[in-house]
Amino acid sequence: MTISKDKVNSRNSVIMTKRKVAKMKTELLQYYDRNGYLSWSERKRKYVILGTNSPGNGLVECPQCHIGKLLIIRSRQTKKRFIGCSNYYNGCKASTPLIQRGMIHATKIPCKVCYWPIILFRYSKKQKWTRQCSNIKCASRISKS
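Heads up: the sequence shown begins at 986 in the numbering used here, then just goes up one per residue.
Since the hints were derived computationally from the structure, they do not count as laboratory data.
Careful: at least some of the hints might be erroneous.
[Said to hold, decoys possible] If you anchor each label on the Cβ, the simulated ranges turn out as follows:
{"id": "1", "residue 1": "R1107", "residue 2": "G1076", "range": "18 to 26 Å"}
{"id": "2", "residue 1": "A1007", "residue 2": "I1121", "range": "26 to 34 Å"}
{"id": "3", "residue 1": "K1078", "residue 2": "K1110", "range": "32 to 40 Å"}
{"id": "4", "residue 1": "S1109", "residue 2": "K1008", "range": "48 to 56 Å"}
{"id": "5", "residue 1": "W1114", "residue 2": "I1058", "range": "35 to 43 Å"}
All of these numbers come straight from a predicted model, not from anything done at the bench.
Note that CB positions come from ideal geometry on N, CA and C, so glycine has one too.
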């Protein structure tokens, strides 16, 4: 028994056109990272890059690993605020503590000395906003205190 081309069921065959291939390539390049590998996540229902953690909402690029971004994180156990790298689970240990009381506004402007983000803070509404580097070991911060 031979199957003619007319009887092939269309849902069982895949017809790729140049347009579909080009669209797929652009989608893959959108999720490709030079340091990571592309993988489909069923839980998140989207592509995930393995090997890196590159969020778009970070403050600045991590000055230690140059892969992740620095974020303001609140510890679940101690409820304290600190700045840490998004690539922590892949081995980057960049972190620094923040003030625990008062208001903080983190900017996406990097420090000129150490490339950590600049933060604005004040302890009460009567005070003016103070601007300084978030890294406690930065030379610009040590000279001011």
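Here is how each hint holds up against the structure:
1. For the hinted restraint 18 to 26 Å between R1107 and G1076, the CB-CB distance of approximately 35 Å leaves it violated.
2. Distance hint for A1007 and I1121: a CB-CB separation of about 50 Å, inconsistent with the stated range 26 to 34 Å.
3. Here the CB-CB span from K1078 to K1110 is close to 36 Å, well matched to the stated 32 to 40 Å.
4. A beta carbon spacing of about 55 Å between S1109 and K1008 agrees with the range 48 to 56 Å that was offered as a hint.
5. The supplied range of 35 to 43 Å is broken by W1114 and I1058, whose beta-carbon atoms lie about 22 Å from each other.
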